[in-house]
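Residue numbers (the working numbering), protein chains in the order written: chain A, 1 to 364; chain B, 1 to 400.
By construction, these hints were calculated from the structure, which means they are not laboratory data.
Glycine residues also receive a C-beta, built at the ideal position from the N, C-alpha and C atoms.
Mixed in with the good hints there might be a few duds.
As the list claims (entries may be wrong) - Label pairs and their in silico Cβ distance ranges:
| hint | chain 1 | residue 1 | chain 2 | residue 2 | range |
| --- | --- | --- | --- | --- | --- |
| 1 | A | Asn30 | B | Gln255 | 39 to 47 Å |
| 2 | B | Asp324 | A | Ala32 | 33 to 41 Å |
| 3 | A | Ser229 | B | Tyr366 | 47 to 55 Å |
| 4 | B | Lys281 | A | Thr22 | 40 to 48 Å |
| 5 | A | Gly220 | B | Thr385 | 38 to 46 Å |
| 6 | B | Lys18 | A | Ala50 | 44 to 52 Å |
| 7 | A | Gly220 | B | Asp324 | 33 to 41 Å |
| 8 | B | Lys281 | A | Glu213 | 45 to 53 Å |
| 9 | B | His303 | A | Asn30 | 44 to 52 Å |
| 10 | B | Phe137 | A | Lys80 | 37 to 45 Å |
| 11 | B | Thr385 | A | Leu246 | 32 to 40 Å |
Stated by the list, open to error - Here are the simulated DSSO-like cross-link-like pairs (lysine-lysine), alpha carbons at most 27 Å apart as the crow flies:
| hint | chain 1 | residue 1 | chain 2 | residue 2 |
| --- | --- | --- | --- | --- |
| 12 | A | Lys160 | B | Lys99 |
| 13 | A | Lys159 | B | Lys62 |
| 14 | A | Lys163 | B | Lys58 |
| 15 | A | Lys87 | A | Lys160 |
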Amino acid sequence: MIYLDNSATTKPRKEVLETFITVNEQYYANPASIHRMGNEAEDLLEGARAQIKQLLKMEHAVFTSGGTESNNLALFGVAKAYQHRGKHIITAVTEHPSVLKSLEALEQQGFDITRLPVDRSGAIDLNELNNALRQDTILVSLMHVNNEIGTVHPIAEIKKLLKGSWALFHVDAVQSIGKVKLLADSMPDLLSISGHKIHGLKGSGVLAYNQVELEAILHGGGQEFGLRSGTVAVPQAAALAKALRLAEPKPDYAEWNKDLRTFFKGFNGVKIISPETAAPHILAIALKGLKGEILVTGLQQESVIVSTSSACSSKSKEISHVIEAIGVPREFKEGVIRISFGAFTTAQDIAELKKAFERVYRLV
Amino acid sequence: MKTNQVLVRYGELSTKGKNRSSFIGRLRDNVRQTFSDLESIRIKAERDRMFIYSDEEKDMEKVLERLPLVFGIQSFSPVTQSELTFDAMKQAAIAVVSKVDRQNKSFKVSVKRPNKAFPYEKPEITQAIGSHVLRSFPELTVQMKHPDVELKVEIREEAAYMMAEVIPGAGGLPVGAGGKALLMLSGGIDSPVAGYHMLKRGVRLELIHFFSPPFTNDRAKEKVLDLADKLSQFGSSVNLHIIPFTKLQQEVHKQVPDNITMTSTRRMMMRVADLVLAETKCQAIITGESLGQVASQTLESLHAINAVTNTPVLRPLIAMDKLDIIETAQQIGTYEISIRPFEDCCTIFTPSSPKTKPKLEKVEYYEKFVSFDDLIQEAVQERETIKFPRVQEAKFEGLL
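Please construct the entire structure, taking both the sequences and the accompanying hints into account.
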């Protein structure tokens, strides 16, 4: 199988699995226990945290179950802690459902949400963001790289733009971390990352943050600085620290992306959906008048795994909100597929994809 | 325009006469150690002041962050450097003065011009920069004698240097200038504060801690390690000696009646400390004792405990109120560590009613039936010594 659905999830690295197993075998004690084994587990947990903070250049890190929980903690945590200052939050229409649905819930609780529109490339207009900022804006939440089409938001510029305002800046970096270089000096106030998108494990994630007050969304024994009660999953935390250390953007991605763009331009009924400026590891294309599902199935017959626009929404029959938002022409809307690279992708895989696509295209 | 040097003014050194140069040398070494992880730092110590240089902005920030902790420094000023043109100098002057509190403050510019080739004379420079600053900050008034804010400008060959900000230092004497003493560090709130006060008087510290496994656990030990690490952040490294104390403690409990075990235990600690003191060439023992806090801290108790040694025992907190001690502990960052809830060797065998006025003759009488000497020797020999600041151990390196 040629796996080109790395934006949905990635294959865990061997080294990460080794860490996971070793920690489970040797450091399985509860890190909150005061006996020696507990202490060792706690040391390991804090070592993992320190390594993650250092790699991300952030001051604090809370372990979560993944990107969705990190986003939830960031949004609810900030909203509850800062509501005395204001109840206005800004986001974009193309965000991940874990952000959009959380904000809908906050809207029910009296928060005022501005959802910035995007242009055909999926980008927000920075002037519009600037105009949307108000005295009572407490948070701006944007993703770094869009999971469906790869649009990159200019984090450094947005950070600069927010400098004069009270608003905190949350970035969902789930799709970008380890794939696109994050600029160390333009780190936002809060950053969500997920283990299984960087060849780590499902069920692991981190919300990293700097000088921010947060209110807990899980209550109980007070673990993780009281922000996320519940026995901490030390093996997941250690595995995440290792996966993050080994994660590195691959220079090949850009070359393959370019190659595939040239390739797909050779087909009349194919439209390239990802903007030219998109992150190199995600390439969305669409087939005229054809359902994406058919192409995904067809390629699978040829042992190539790709997905429709996003794994999260691919099982529902609706058109993805991102595809709607960037105004894809009607005859292409249902035919979007996403090809995404990971650390194990090879040039051979790309060549196979091209061959398989040619065969399938002839049939349909 | 950049800030790439800091001018440091010495503390109480003016009274030190012939010892002055050794004080300055000590301070220079301590400053060097404080910044040993920053490669770009250069230090020049002169008779009246010290300069710290770095071209790395990040390192400079760290200098300004850590310098307030180093004892022996009266105050310091970041120095801004600018090109030798009026435009650049004016811009630098604004940047420098903008960092100072200016509300209802008087102001003056003073110029030095060792670079005689600079085409303008002192009054012209003073006038140009002074009027520019006053136009930009109308809240300032001019005053020639004793102004609140003095912008010092020095025109040298390569650049103009200026400063106005005066940041207070930690005061005191450079650590090490006052010899070395052994601090009995318990893990409680008081002893780290006692150590801090002695550091401020220039005394270098060795630390001794009594550890009673299996009754006291690793977390209790870690607490002490963290306290030692904190104490090493005041400009001088420290060694921590961890004494295995279980056998001695058990022997005391076997030999002496319950209500004086506490006095006797402390006498044993003192005897152990005395031996470590000799080995580490310290001149005094420091404790965190404060009069009337607990049973062992009455004058009678202190008298009975002190009787085992001729070494000076310094008790910087002896007359301090608990609340003042806590306040200092909070300021120096040891409080949070000290209040972590783990048993230490002083609390595990606490008798229900210890004598607050133990009689020395009685204590000596009960102790004389055994010789504790061998156990004391053994405890000293089997001590574990750890140096601080600690180098991060890479214990889980392969795993993470």
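Inset, instruction - State, for the Cβ atoms of lysine 281 of chain B and threonine 22 of chain A, whether the hinted interval 40 to 48 Å holds or is violated. - result: This hint holds: roughly 45 Å between Cβ atoms.
Inset, instruction - Indicate whether the distance between the beta carbons of threonine 385 of chain B and leucine 246 of chain A respects the range 32 to 40 Å. - result: Holds, at about 37 Å.
Legend entry - 33 to 41 Å as the expected CB spacing between alanine 32 of chain A and aspartate 324 of chain B, which holds or is violated: holds (34 Å)
Legend entry - Agreement of lysine 163 of chain A and lysine 58 of chain B with the hint, judged by alpha carbon distance not exceeding 27 Å: holds (21 Å)
Inset, instruction - Kindly confirm whether 44 to 52 Å is satisfied by the beta carbon distance between histidine 303 of chain B and asparagine 30 of chain A. - result: The hinted range 44 to 52 Å holds for histidine 303 of chain B and asparagine 30 of chain A, with Cβ atoms some 48 Å apart.
Legend entry - Holds or violated: lysine 87 of chain A to lysine 160 of chain A, with C-alpha atoms at most 27 Å apart: holds (22 Å)
Inset, instruction - Could you tell me whether the CB distance from lysine 18 of chain B to alanine 50 of chain A stays inside 44 to 52 Å? - result: Holds, since lysine 18 of chain B and alanine 50 of chain A (Cβ atoms, about 48 Å apart) stay within the stated range.
Inset, instruction - Check the following: the C-beta atoms of asparagine 30 of chain A and glutamine 255 of chain B are separated by a distance inside 39 to 47 Å. - result: Since the Cβ atoms of asparagine 30 of chain A and glutamine 255 of chain B sit about 40 Å apart, the hinted range of 39 to 47 Å holds.
Inset, instruction - For glycine 220 of chain A and aspartate 324 of chain B, compare the CB-CB distance with the range 33 to 41 Å and indicate the outcome. - result: Because 38 Å falls inside the window, the suggested range holds.
Inset, instruction - Kindly confirm whether 47 to 55 Å is satisfied by the beta carbon distance between serine 229 of chain A and tyrosine 366 of chain B. - result: holds (52 Å)
Inset, instruction - Using the Cβ atoms, figure out if lysine 281 of chain B sits within 45 to 53 Å of glutamate 213 of chain A. - result: holds (50 Å)
Legend entry - Distance restraint between lysine 159 of chain A and lysine 62 of chain B, which requires alpha-carbon spacing of 27 Å or less: Given pair lysine 159 of chain A, lysine 62 of chain B holds - Cα atoms ~24 Å apart, limit 27 Å.
Hint violations for this structure: none, all hints satisfied.
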